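Q: Residue numbers (this note's numbering), protein chains in the order written: chain A, 1 to 694; chain B, 1 to 694.
Quick caveat, the hints were computed from the structure, so don't treat them as lab data.
Please note: incorrect hints may appear among the correct ones.
It does not matter which identical chain is used: a pair holds within one copy or between any two.
To be verified - The calculated DSBU-like cross-link candidates involving lysine-lysine, where the alpha carbons are at most 35 Å apart (straight line), are:
no. : residue 1 : residue 2
1   : K243      : K425
2   : K243      : K403
3   : K552      : K674
4   : K22       : K425
5   : K447      : K243
6   : K544      : K566
7   : K544      : K54
8   : K91       : K492
9   : K243      : K448
10  : K566      : K674
11  : K548      : K566
12  : K544      : K674
13  : K425      : K232
14  : K552      : K566
15  : K425      : K447
Note that this is a predicted model, so its numbers are computed, not measured.
There are 2 protein chains.
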Amino acid sequence: MLSTFFNPRGIAIIGASRDPHKLGYGIIRNLVEHHYPGAIYPLNPVAKEILGHKCYANITQVPDPLDLAILIIPAKLAADPLTQCGERGIKHVIVASGGFRETGPQGKALEERLYQIARKYQMRLLGPNCMGVIDTHIPVNTTFMAGMPHAGDIGFLSQSGAMVAAVTDWARGAGVGFSRIVSLGNQVDVNETEMLTAFAEDHQTRVITAYIEGITDGRAFIDTAEKVARQKPVVVLKAGLGKSGAKAVASHTGALAGSAEVYQAAFRQSGVLRARTMEELFDLARGLAWQPLPEGNRVAILTNAGGPGILAVDALEAAGLTLATLSDQTRDYLRARLPGPASLANPVDILAGSGPGTYAIALDALLSDPTVDAALVIQAPQDWFLPASLAEVIGEVAAVHHKPVLASLMGLASIDQALTILHRKRIPNFAFPEGAAAPLAAMVARKKWLRGSAGVLPATKTVDQQKARNYLAQNHFADFLGEFDIQGPPTKLAQNAREAAQIAGEIGYPVALKLFSRERTHKTDIGALKLNLENREAVLAAYKDILKAVEKNAPGTTIEGILVQKMLSGGQEVIVGIRRDPQFGPLVLVGSGGVEVELLRDVEMAIAPIGESQAQAMLDATRAGTRLNGWRGTPPGDRAAVIEVMLRMSQIALQFPEISELEINPLYVLPEGKGAFAVDVRGAKEGGYESTRV
Amino acid sequence: MLSTFFNPRGIAIIGASRDPHKLGYGIIRNLVEHHYPGAIYPLNPVAKEILGHKCYANITQVPDPLDLAILIIPAKLAADPLTQCGERGIKHVIVASGGFRETGPQGKALEERLYQIARKYQMRLLGPNCMGVIDTHIPVNTTFMAGMPHAGDIGFLSQSGAMVAAVTDWARGAGVGFSRIVSLGNQVDVNETEMLTAFAEDHQTRVITAYIEGITDGRAFIDTAEKVARQKPVVVLKAGLGKSGAKAVASHTGALAGSAEVYQAAFRQSGVLRARTMEELFDLARGLAWQPLPEGNRVAILTNAGGPGILAVDALEAAGLTLATLSDQTRDYLRARLPGPASLANPVDILAGSGPGTYAIALDALLSDPTVDAALVIQAPQDWFLPASLAEVIGEVAAVHHKPVLASLMGLASIDQALTILHRKRIPNFAFPEGAAAPLAAMVARKKWLRGSAGVLPATKTVDQQKARNYLAQNHFADFLGEFDIQGPPTKLAQNAREAAQIAGEIGYPVALKLFSRERTHKTDIGALKLNLENREAVLAAYKDILKAVEKNAPGTTIEGILVQKMLSGGQEVIVGIRRDPQFGPLVLVGSGGVEVELLRDVEMAIAPIGESQAQAMLDATRAGTRLNGWRGTPPGDRAAVIEVMLRMSQIALQFPEISELEINPLYVLPEGKGAFAVDVRGAKEGGYESTRV
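So here's chain A without its partners, still in its complex pose (with noise of 0.2 Å):
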């Protein structure tokens, strides 16, 4: 159980010094300081005591209750009291001191030798190069660092010791209170994916932050978060999303970073919301800690000045967020009680003048109103009246109605008071209005996550699975496709110009002719591919064409034959593929196709499998979607055909794992009822072999 972590009986300190300088010391001040209600345990060879708690020479020694001990000794003299610890029966170690992987590779052989010892022993082991852990209701500290964040109910795990000390920091300063706190280091045995389970069993945490470098397996990360999701809000600030980002977690870690779009679509699917900044994240914390989810999206804006209520518009219409539209009820009881000149629409301005009392009757009647779901309060800095009494009167109003209400008393030096009213009454308060957003976003986004179906998935399709291993084996990707029902236009392969005109005869003009060769994927770079061909002439001439062009734009290509196809038309191109993702497994993309894939970048991706409802939503969210809807002139697309192909590639990715990557570029989708066809299809399997082929 990871929870002895944050609640054990008895803590031993390897590594305990009585130099107040050093880390052995401050840990025991910090356990000491911050009222461990359990037995503390110093180990040092001569001292003999810490801080009043009396030193043992040897863990063997020190009597029960014993559950944790931490180890802040050098990395190379660290093997022996682990073992030790396993003699003595503790399950539960925290390895605090630094010089491991972090260092080199003889800093990773010390730390898999932890973890041998560890697993021996059957020792959870945090760390090693951590922090520890702080639960500010048990209370415990096992950190080195001054200062400790008052008692809360936002969890923060962390991959970075740095960001746990800047967090513990900002959190001391700014008066927000924290559940637990995890500093994770090396993950050499106990991982992210795992401490989340941890904080979902916590009952003071109602919300999970998290500062995420890597993930160690990808596939158990969803699926735990998912499963927490479902209990608790989990909000992560995902480092090394870009480029450069995720060189610089590759070399500060070792961990594979992922890329931005795979990490956005994990996150999304397993309902765990995305923060972009540290301030962000703790944003969008309070709010969900704090205040109930609202039902819908509609927010209401009361303000006591013009200017301020605007930018907040501005910053939830971006955030994808409405303005509620009042019921005339409202605007007419509103207009009884405010002054003349106020405004009684959205946002409902009570001007400057207004005190504590009218808001107050302002802010119960909006949240009265079922055309608001959500109401953010807006204070531009007055004379008139204590900035604390509006922050009573939002925290008593807010509290008899079940939506959620934010705050924004604005400025700073005057709203110090206020602020700790409002902390004590639970209500989100941000310097601008701008800043409330975000947090509304999330909350938003989390309800209707939550509501949405837990992702049934269709039935797989049976298939002759000799057969299509058969297909498989020989790289007949399009063959392979052929046995899931998804098939290409009429095709055969020429070995001559005339084979090729007899061919285009039997299935029909017009054809396109196109190079067959394992060595090229971007046929129409190089000239070798030619469309609309209308007879036997054009068939003729396009064949030598295209040997002329091959042999002019990539001499020394294999030639392995010219393929004649029929043509589709009064279609549209839409690409469907998989990946493999090193960290979350299969993917399955959709998106705009044809040439222009790369140009438009109108791709989705979810990792498989995917049910009906996700595969909807997927091709919603792409302008190929749109397209797919009608478009000017061009009628809706087979939609259903399209769906049909997705749920039968992430059924593909998750039954032959060999394949690393399968691309139907462009599937061409005909007008609604008449199907899409995969007119081009290109695959890769495990070791590289890659093939294209209709």
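With chain A's structure known, arrange chain B on it following the hints.
A: Relative to chain A, chain B alone:
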């Protein structure tokens, strides 16, 4: 001279009060408390003196020096005292009172009356409905709100009094100094553009920030802003850029908010930097006011922890900055001086144990490296040394190099003293490192803008003005464009199917047929466009099909004929257009054309006139431009021809103000050297008559 508002030798307060709860008291209190060095003349019919200053019953009795009057009396009573101010020879008046335009038509009439009086006596009037001015260096504070920021070099002008109050309160709390602050109120006379010039002339102001809801005269603003921006940075937060926000601005101030794209184009052209939030406004301001501009966009990151370094990398990359690749010399130098496991790649991680001395050595090395244009120094909270000592070191080392240095001494609780030192040393600090990205990007953008040519305009083409005007009078937009050498493909109008076939024979197959009617603009929607007609039979059939389709899909449409047009092939479709913005005047736009123009929304716009380099930059910013450079087998298009069309359209926009809208879509761009043809042209003139024709 607007500068008198900030530096009057004597101020009369009309509506002064002895009652501490009244605004007329607050103003005098602020003048006194904040040490206004000039004469203070309270006007009050009964009081003898207020706060030690002798009261006067009438403005005519007030002795010299008297340069400024502040009116803080009910709107209805303001006209007479203002007239008396005029008689007394006062040239500058602040009308602080509300109750004017913002309350409705009656208030608006009162406001206009004040304006007439001001005109008559050649008085400049700030407000009404405003907070007045602050100049921290004089010092003078004509507002009635409590508190004043300390002296600094950031100027802030605001179209919202509430934002002035919020920013003042925030500045006091955050310890950020300001030079001047002005609340513009209803702007019946003095507006944001004039005030911009006044701030430009103030030597204490090093950066001008503005909260803008609407711009009085877009044209005048960008002309002025460009001049001012050449002298000192201008950063604007434009409120009301979203749809709902624009509505809110309109209902708040009656100002036309204008579209986000046009404002962005206007700001970009005039060198105005845009902030997205209030916090960013002053983040940018601190960077621009306190630090030199970087020569390029290569940033070095110096940190004592990996995680925050990665966050910084992500944020810098997202903002368009790059990580400097350090020279070998720098790396060697650092290797010899930093702890063994320190990271010598950028970010340079000197590790947790390093102190301010190591920071000093490393920062000096980084700033000495010619590969580095700017540096960001990060400190994760630690207990080894006093953060204030690092603040001293950063300020000292930065001062001897002419490169910008920003800091992120992270956290809040532990860095109070450090922050004070950083402010004094003019080093902007951010609680988390992501905050440094936007200011650095703005500094790079400003440097680039200052370097850019001041926009050399191309020679205007000489055309037969009479002929052009005749075409325009008849709404023959295509012929009109022909006068500017913008040609369409060969085209004729047919009145029956046989005539269409005959024309097709003359101009050559393939041809397109399309409905000619003033009533329909989206011909593809109703099936009134037939393409790729290869022979006489196809033309005859298509003619009938169009008539049938129009009857079915748009019965009642007046059919003025069917156009027969030679079809061009092998080219790319671009849109080039003119729009007229109510605030900024003529705009030129360019982007991806064809039926997908609305789907792709790939359009860049600029305010006319534009020069060649700007036309190039606009094209480069679109995907249409990327495509024209050659894409996947598509040969490069005739960019020069597109640029020429853009420049001619810019000329037309200026020379023919009666054209409210003109759009070439598609401009069909053939391969390099082969020209571009206006396939479809749509225009509209002032007054609303609209014509569709080729």
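Q: Now tell me if each hint is right for this structure.
A: So, going through the hints one by one against the coordinates:
| no. | hint | verdict |
| --- | --- | --- |
| 1 | K243 / K425 | between (42 Å within a copy, 34 Å between copies) |
| 2 | K243 / K403 | between (40 Å within a copy, 25 Å between copies) |
| 3 | K552 / K674 | between (40 Å within a copy, 24 Å between copies) |
| 4 | K22 / K425 | between (40 Å within a copy, 33 Å between copies) |
| 5 | K447 / K243 | both (32 Å within a copy, 25 Å between copies) |
| 6 | K544 / K566 | both (19 Å within a copy, 30 Å between copies) |
| 7 | K544 / K54 | neither (93 Å within a copy, 103 Å between copies) |
| 8 | K91 / K492 | neither (67 Å within a copy, 90 Å between copies) |
| 9 | K243 / K448 | both (31 Å within a copy, 24 Å between copies) |
| 10 | K566 / K674 | both (16 Å within a copy, 33 Å between copies) |
| 11 | K548 / K566 | both (23 Å within a copy, 31 Å between copies) |
| 12 | K544 / K674 | both (34 Å within a copy, 27 Å between copies) |
| 13 | K425 / K232 | within (20 Å within a copy, 45 Å between copies) |
| 14 | K552 / K566 | both (27 Å within a copy, 33 Å between copies) |
| 15 | K425 / K447 | within (22 Å within a copy, 47 Å between copies) |
In this structure, the hints that do not hold are numbers 7 and 8, in rising order.
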